[in-house]
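Generate coordinates for the entire structure from the input sequences, incorporating the hints supplied.
Taken in order, these protein sequences are the chains called C and V.
The opening residue of the first sequence carries number 1 in the numbering used here; numbering runs sequentially from there.
The opening residue of the second sequence carries number 233 in the numbering used here; numbering runs sequentially from there.
Straight-line distance between alpha carbons at most 20 Å, and here's what the computed SDA-like set of lysine to any residue pairs gives:
{"no.": "1", "chain 1": "C", "residue 1": "Lys130", "chain 2": "C", "residue 2": "Ala117"}
{"no.": "2", "chain 1": "V", "residue 1": "Lys287", "chain 2": "C", "residue 2": "His43"}
{"no.": "3", "chain 1": "V", "residue 1": "Lys240", "chain 2": "C", "residue 2": "Met38"}
{"no.": "4", "chain 1": "C", "residue 1": "Lys44", "chain 2": "V", "residue 2": "Thr238"}
{"no.": "5", "chain 1": "C", "residue 1": "Lys138", "chain 2": "C", "residue 2": "Gln79"}
{"no.": "6", "chain 1": "V", "residue 1": "Lys240", "chain 2": "C", "residue 2": "Gly42"}
{"no.": "7", "chain 1": "C", "residue 1": "Lys229", "chain 2": "C", "residue 2": "Ile95"}
{"no.": "8", "chain 1": "C", "residue 1": "Lys138", "chain 2": "C", "residue 2": "Asn107"}
In case anyone wonders, no lab produced these hints; they're calculated from the structure.
For clarity, every value in this text was computed on a predicted model and none was experimentally measured.
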Amino acid sequence: MTLIDEITLLRNACLSSLDASHNYYAHTKGAWRLVQQMVWQGHKGTIRNQATGNTVDETELAGLAQEYVTGYLASATFQHFVSLFEQFAFDFLRIWLTEYPGALSENQLEFRNVLDAADKSEIIAAVVQKEVHRLSYKRIDKWFAYLEEIAGLGCPNLDQIQRLAEIKASRDALVHNNGIANSIYVGKSKSLARFVDGARLELPQNYHRDSWQLIRQVVADMADAGINKLGN
Amino acid sequence: MIDRSTKKPLYVSTDGNAGPYIMATVQQIASVRKLLDANNISYWVDEDAVSFDGKPYVTVVNLGHGSDAENVQKILDNAS
Numbered sequence: 001m002t003l004i005d006e007i008t009l010l011r012n013a014c015l016s017s018l019d020a021s022h023n024y025y026a027h028t029k030g031a032w033r034l035v036q037q038m039v040w041q042g043h044k045g046t047i048r049n050q051a052t053g054n055t056v057d058e059t060e061l062a063g064l065a066q067e068y069v070t071g072y073l074a075s076a077t078f079q080h081f082v083s084l085f086e087q088f089a090f091d092f093l094r095i096w097l098t099e100y101p102g103a104l105s106e107n108q109l110e111f112r113n114v115l116d117a118a119d120k121s122e123i124i125a126a127v128v129q130k131e132v133h134r135l136s137y138k139r140i141d142k143w144f145a146y147l148e149e150i151a152g153l154g155c156p157n158l159d160q161i162q163r164l165a166e167i168k169a170s171r172d173a174l175v176h177n178n179g180i181a182n183s184i185y186v187g188k189s190k191s192l193a194r195f196v197d198g199a200r201l202e203l204p205q206n207y208h209r210d211s212w213q214l215i216r217q218v219v220a221d222m223a224d225a226g227i228n229k230l231g232n
Numbered sequence: 233m234i235d236r237s238t239k240k241p242l243y244v245s246t247d248g249n250a251g252p253y254i255m256a257t258v259q260q261i262a263s264v265r266k267l268l269d270a271n272n273i274s275y276w277v278d279e280d281a282v283s284f285d286g287k288p289y290v291t292v293v294n295l296g297h298g299s300d301a302e303n304v305q306k307i308l309d310n311a312s
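Shown next, in the form of structure tokens:
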């Protein structure tokens with residue numbers, strides 16, 4: 001398979017997953033809104049969680065619905081969008097570096113990896129994997145600086161990178177700090193920080209949508225830039 | 233402000249821990265937004281609306297944490 005084919009497949013898979021994830025968000029939210037309306041119109045119902053023994057009636061459920069939609073659901077799908085983007089970015093880097101490993105010619109390798117490898121491609125794969133892993137711990141602006149150095153795609157632009165940095169910082173705060181903005185969030189987000197240190201992060205619908213749209217746009221742009229570059 | 237579909241007053245729900253919210257028909261959303269904007273109340277409106285059992289489409293105006301539900305209810309009650 002050519003690198004162009006690989007990038008095409010990667011792009012299509014990521015865009016498809018992003019769309020599926022947003023559909024899940026929209027449909028699940030719609031389902032909860034239906035529950036709220038049903039209660040609003042006087043319908044009754046009870047849900048029992050067999051695992052915990054917890055039982056809720058329709059009134060409690062309507063209250064939980066709002067929390068589930070604006071809290072848990074928005075947060076979980078937002079985190080998924082970011083996760084899909086990271087997977088795309090690192091897979092893109094991996095396949096590009098595998099095709100053009102010259103950028104890693106100064107990297108060091110344990111001799112054990114050479115002895116264990118069946119052929120040269122396995123050695124290259126090991127070096128590439130180590131490099132991508134190393135990069136994954138850096139800030140997002142470093143990822144794109146590195147990508148520009150090895151591939152010269154010319155995208156994403158600075159504004160998009162800064163917005164992605166804030167999105168990723170929000171995700172990190174949700175995952176690692178129980179949804180509370182901290183100095184790390186503020187530092188990574190810089191002028192685009194939406195919350196101060198100590199504030200609870202919120203994900204209003206327009207922000208949730210705009211984040212998804214930006215990620216989708218950057219995935220498409222990166223892939224298309226790579227394909228155009230390889231085709232010329 | 234009266235809900236045009238139920239003929240009952242629009243109310244600010246405070247159930248749950250997600251912050252207050254208002255459920256209103258799509259036809260009424262513009263009026264609700266105008267009222268909230270005029271009183272500097274921050275909110276966001278769900279981008280989708282749901283119709284149950286063939287009744288008018290309803291959407292949700294989310295007021296978010298920290299919003300003064302009592303004050304918003306007074307504003308709705310005082311509006312025609």
